[in-house]
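A.B. asks: One line per chain: the protein sequences are H and G, in this order. Position one of the first sequence corresponds to residue 1 (the working numbering), numbered consecutively onward. Position one of the second sequence corresponds to residue 1 (the working numbering), numbered consecutively onward.
Any given hint could turn out to be false.
You can't tell identical chains apart in this list, so a pair holds if it fits in one copy or across any two.
Stated by the list, open to error - Mimicking EDC-like on lysine to aspartate or glutamate, the simulated pairs with C-alpha atoms at most 20 angstroms apart in a straight line are:
(1) LYS168 / GLU529
(2) LYS235 / ASP337
(3) LYS141 / GLU390
(4) LYS235 / GLU390
(5) LYS333 / GLU4
(6) LYS175 / ASP518
(7) LYS333 / GLU390
(8) LYS285 / ASP518
(9) LYS168 / ASP518
Read the hints as simulated data drawn from the structure, not as lab findings.
2 protein chains.
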Amino acid sequence: KSAETLSSQYGLSVFLAGLLLMFAWAVHAAGLHKSHLLSYLITLMLVQLLWMLWYVCRSYTQRRLIQEKDTHAGARWLRCGITLFAMITLIMDSFKIGYFIGFSNCLSATEGIFPVTHAVHTLLQVYFLWCHAKDIIQSFKTLERFGVIHSVFTNLLLWTNGVLTESKHQLNEHKERLIMLGFGNITIVLDDHAPQCNCSTTTLCSIFSQGIYYLYPFNIEYHILASTMLYVLWKNIGRKVEHHQQHKIPFKFHGITIGTIFGLTVLTSTIAIVVVYLIQIGRSKIKSELALTMFYIYAISVLTLMCTAGIVALLIYRLEDRSLDNSKNPARKLDADLLVGTASGSWLLSWGSILAIICAQDHPQYTWYNLPYSILVIIEKYIQNLFIIESIHQEQEKVNDDIKTLRIVTISRENTLSLTPSFKEIYNGTVDADSGELPYLFNRNVCVRESSSNGSLEEDKSQVFSPVIHSTSDFSLYSSNSVANNKRRILKNIAAFLFLCNLSLWIPPAFGCRPVYDNGLEEIVFGFEPWIIVVNLAMPFSIFYRMHSAASLFEVSCKT
Amino acid sequence: KSAETLSSQYGLSVFLAGLLLMFAWAVHAAGLHKSHLLSYLITLMLVQLLWMLWYVCRSYTQRRLIQEKDTHAGARWLRCGITLFAMITLIMDSFKIGYFIGFSNCLSATEGIFPVTHAVHTLLQVYFLWCHAKDIIQSFKTLERFGVIHSVFTNLLLWTNGVLTESKHQLNEHKERLIMLGFGNITIVLDDHAPQCNCSTTTLCSIFSQGIYYLYPFNIEYHILASTMLYVLWKNIGRKVEHHQQHKIPFKFHGITIGTIFGLTVLTSTIAIVVVYLIQIGRSKIKSELALTMFYIYAISVLTLMCTAGIVALLIYRLEDRSLDNSKNPARKLDADLLVGTASGSWLLSWGSILAIICAQDHPQYTWYNLPYSILVIIEKYIQNLFIIESIHQEQEKVNDDIKTLRIVTISRENTLSLTPSFKEIYNGTVDADSGELPYLFNRNVCVRESSSNGSLEEDKSQVFSPVIHSTSDFSLYSSNSVANNKRRILKNIAAFLFLCNLSLWIPPAFGCRPVYDNGLEEIVFGFEPWIIVVNLAMPFSIFYRMHSAASLFEVSCKT
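Next comes chain H alone, as it looks inside the complex:
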């Protein structure tokens, strides 16, 4: 416990110092340059590299010592996702190195060292997470805690750094648009726009500098995912887990066709809308307003669909009244907390928009679309969070129930009374250990599933002892089961649909389609500077929310 406090306080201190450095850089503090910030980050990454090397080597030599694994942590698709993001991050790093070489005469050396270190750091960290994300560390606890928490906060700082650079870039673009539209009355200063010297090969340099900003969103997601995985690892240090084997549930495309089709439609149309928006916005006043109106109408319809889907899913859960799995589990608790916590970011923005609409003196026509849009954003996240949190608390027991019921039904079908003792043994929970493969095996023969475990067990017991009423009981089982199957299929489709919708809604803010900037209403009511500060603080969380809820919904759709 005291090691936990020690390490978390150390991590917080490192993080706060980094945050302040970034803040100081962002407000152009006297006597502080970008190179100071970058050297701080490089130092942190090098320390983490050393620790990870030490850990990997040690666990390689003492391979048999670390055996316990937390099966909930670091799911395979999560590791796949992080690898994908890391690969794009590596591309970004190479772009940065290229950019540095182009401008090498006027950039400080740290700007070149940073991407190199970052690339090495990314490679080793992905390897580390791939191999060790599930570890439950039981030895050298204090040192391990420091190492892991250091890694968590290093990644968080790199995330903050990415967010800050991205925000500055977005703000510059926004200011350029304002200049183009002729709003000269706001004092506009472009910030860190380009180096002072010329590039040796101009075309390559502009490709690099343009390309970097399209790759930033992936870099940002990579770091935040890495830090959540490392945080779960930290929470797991020294934990005692009850050993229950988890069933590997592969992703099955089958049965979610409708949800996927709807979702893909939303995804493609979102991409189209974003492209149109980015081309139209800032050209002229009328074109900007048209683009905004288009975006709002589109977003309102998508959000309405998502709300409806979420409400249907919640109603289904309400109908089948099931007890929840309340066991302690760091990975799941973090998921739920992150969902609610990061949703706050976009709630803040939405409340800001609503307030601005209420307070504003004059309302151009397109601003009215903003009101239902903002309200829907709040409601949609509210419902979706409820749905996800209920789902992730439900799935574990569901599978177990099914297995028990299946086994019992199978046995009762054989109708040999001599099997009764073995049935009792099964009911007492001894199946749990080896039942991982069973459901699929039995699934082909017996297509019977049952939702309410208690009720079915009563029925099954009566079946075992009175084979006379077998046929009628079987029929009722079958019909109630097909209802449950339908319910499950609907839930699966809804989860898949919501997953793709969240992925789509991640795209606009991540790639610079931010109506909260271009709308202009909030800026007038709150003032330019205060509103920009609020947006820049809340937007990263709002973006992360979409990616995180997409990840959670993917899990839900796999496991339902």
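Here the structure of chain H is known, so what remains is to put chain G in place on it, guided by the hints.
C.D. replies: Okay, now just chain G, sitting in the frame of chain H:
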């Protein structure tokens, strides 16, 4: 679980909307007046009033239904503290009403309604917390959850409102000082300073308006304490507790004289220093610098003392290697999280000062004192948090160990071999239920205490079976016990000393002695606006940290 998510999301939404209203008011958003903000707060308070009335009535009529109590929640001294703060808050409300009557022709009606509602709200809430803070609600869970979380966030919003008003006042004072010192180069606008009309009775009005700001710190503490108590209540809804009786441990003044004397010395000298500081600062440049130097030197010496005390206490804990009480407990977990979380506020400020000193071009002599001061603030909170968290995790088991040992030693003294079976029974843990009163009973006859339970049990076993070596064994028990007693006395003194020190260190920032403003160095490095924003965000947490750690240390010194 889903009710938990539902209600927490509702609470967050209410809170965020309120936050944005305040933010909009603070940045002078167009079309938004103070009356809007106040009416929002009044509505929230009225809703909470209705809910509390309903709850109190229902629990009065169905008194036998709610029986379970969480003994850790809402300790008596906490409730006494909240009552004290509430009384001062009531005085503040009456001042506000008086102020409103004086300026009634130019203030909106909401400014009069607000203090009246607030006073009623305070009265009922204190009654509610006094009677129901320990409740574990098991019925109507969803409605209760909504009610409690609504109360939590209403109090948090009232806290934010208090903090905001206080910050504005401090900022105005700071700006006045700057004007007086002749720093005209910063554009200074006084904010919400005085109403536009004249007061009917000028002297009374100025007393009221001056007095309000001296009472604000207590109002702020009241709301944050209330919201933490309500949060624990919310966390406890539907919880199942293992019924273990808690020993009421009264506060004993005896044995902590040295710590108290040192602490009171610190307290009085702090008050003296603050008074001198507030008189000197802003008079002239030289006087200001002298006041700052005096404050820094004084704070450095106090913090050094506190660090030393904390390290000694931690060393004592390290020497007696005891297993910790790791059972789940919302009240305790919240305490620990709040300590680390709110300490971050002042860590942020300290890192800011350190960064400013490193980056600044020229260093007047007094700024150098700022560096050790900031570093010591970081280290002191680090050590103190460790000490408090270890203490609150330790106390429960400590008492139990003592009781077991005492009983066993008492029995072994009677030297009858027939008692062996009953000794075994005691060792198996059956004493726990009724042992609450025992230590004091036995304490008078047998003055034997033992720190390491395992070692003494071995000894006792040998005692029981071989009465021959009784006398020597008794001697060793006695000597090792006096060491443990000494250790405990040292810990008690340290806790008392740190308690009074934290109370002292709460005074300077709460009553306007804020060197981070007057120092000037950070403002030059970061710029005036950015640094003011950082200070206004971080300072409330820093102030709350002192009060909260004082409360925790009081608990520690009572229970050690």
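A.B. asks: So, for every hint listed, does it hold in this structure?
C.D. replies: The hints, checked one at a time:
no., hint, result
1, LYS168 / GLU529, "both (13 angstroms within a copy, 19 angstroms between copies)"
2, LYS235 / ASP337, "both (14 angstroms within a copy, 14 angstroms between copies)"
3, LYS141 / GLU390, "between (34 angstroms within a copy, 17 angstroms between copies)"
4, LYS235 / GLU390, "between (22 angstroms within a copy, 18 angstroms between copies)"
5, LYS333 / GLU4, "both (18 angstroms within a copy, 13 angstroms between copies)"
6, LYS175 / ASP518, "within (10 angstroms within a copy, 35 angstroms between copies)"
7, LYS333 / GLU390, "within (12 angstroms within a copy, 24 angstroms between copies)"
8, LYS285 / ASP518, "within (11 angstroms within a copy, 47 angstroms between copies)"
9, LYS168 / ASP518, "within (15 angstroms within a copy, 31 angstroms between copies)"
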